[in-house]
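Novice: Sequence:
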Amino acid sequence: MIIQPRFVEFHVHPHRRVWRVYRDGELLSLHCEKDLAVEEARRLARAHAPSRMTIHAPSGRIETEHTYWPDIIAVTNEDVRPGHGTFPS
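Residue numbers for the sequence shown, in the working numbering: 1478 to 1566.
It should be emphasised that the hints constitute simulated quantities derived from the structure, not laboratory data. Heads up, the beta-carbon is just placed ideally off N, CA and C, and yes, glycines get one too. Take these hints with a grain of salt, some might be off.
No farther apart than 20 Å at their CA atoms in a straight line, the calculated lysine to aspartate or glutamate pairs in the DMTMM-like style are these [claimed, not checked]:
(1) Lys1511 - Glu1542
(2) Lys1511 - Glu1486
(3) Lys1511 - Glu1540
Simulated restraints on C-beta separations [to be verified]:
(4) Asp1548 - Cys1509: 11 to 21 Å
(5) Asp1501 - Ile1479: 16 to 26 Å
(6) Ile1480 - Lys1511: 28 to 38 Å
(7) Val1495 - Pro1527: 23 to 33 Å
(8) His1492 - Asp1548: 26 to 36 Å
(9) Leu1507 - Glu1540: 13 to 23 Å
(10) Ser1536 - Met1478: 38 to 48 Å
Starting from the given sequences, assemble the full structure and let the hints guide the process.
Specialist: See the structure below:
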């Protein structure tokens, strides 16, 4: 069985003279410049991985989309045997 992760969705939309950042449909912030909105959405998406950040053009079409995955520590049985090594921190 394949388990699909639930992605937190972040969107950057232009609206009149501002750029809006949304998370799962909820307005989070407004920005005067596109670059600042994208920077904020990227920061949030990385912090809430697994997530997807979508940047929209004024026409509404998707300009670009990024997917972020959490950092994963690979641990082998060798690392956690009692008396033989420690769990990585």
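Novice: Against each hint, give a clear statement of whether it holds in the structure.
Specialist: To see whether the hints hold, each was checked on the structure:
1. Lys1511 - Glu1542: With Cα atoms ~15 Å apart, Lys1511 and Glu1542 stay inside 20 Å; holds.
2. Lys1511 - Glu1486: Answer holds: Lys1511 to Glu1486 is near 18 Å, not above 20 Å.
3. Lys1511 - Glu1540: holds (12 Å)
4. Asp1548 - Cys1509: 11 to 21 Å: Hint violated: Cβ distance 32 Å, outside 11 to 21 Å.
5. Asp1501 - Ile1479: 16 to 26 Å: 23 Å Cβ-Cβ, so the 16 to 26 Å window holds.
6. Ile1480 - Lys1511: 28 to 38 Å: Holds: the Cβ-Cβ distance is about 35 Å, inside 28 to 38 Å.
7. Val1495 - Pro1527: 23 to 33 Å: Roughly 28 Å apart at Cβ, these two residues keep to the hinted range, so it holds.
8. His1492 - Asp1548: 26 to 36 Å: Holds, at about 33 Å.
9. Leu1507 - Glu1540: 13 to 23 Å: holds (19 Å)
10. Ser1536 - Met1478: 38 to 48 Å: holds (40 Å)
Checked against the numbered hints above, the structure breaks only hint 4 and satisfies the rest.
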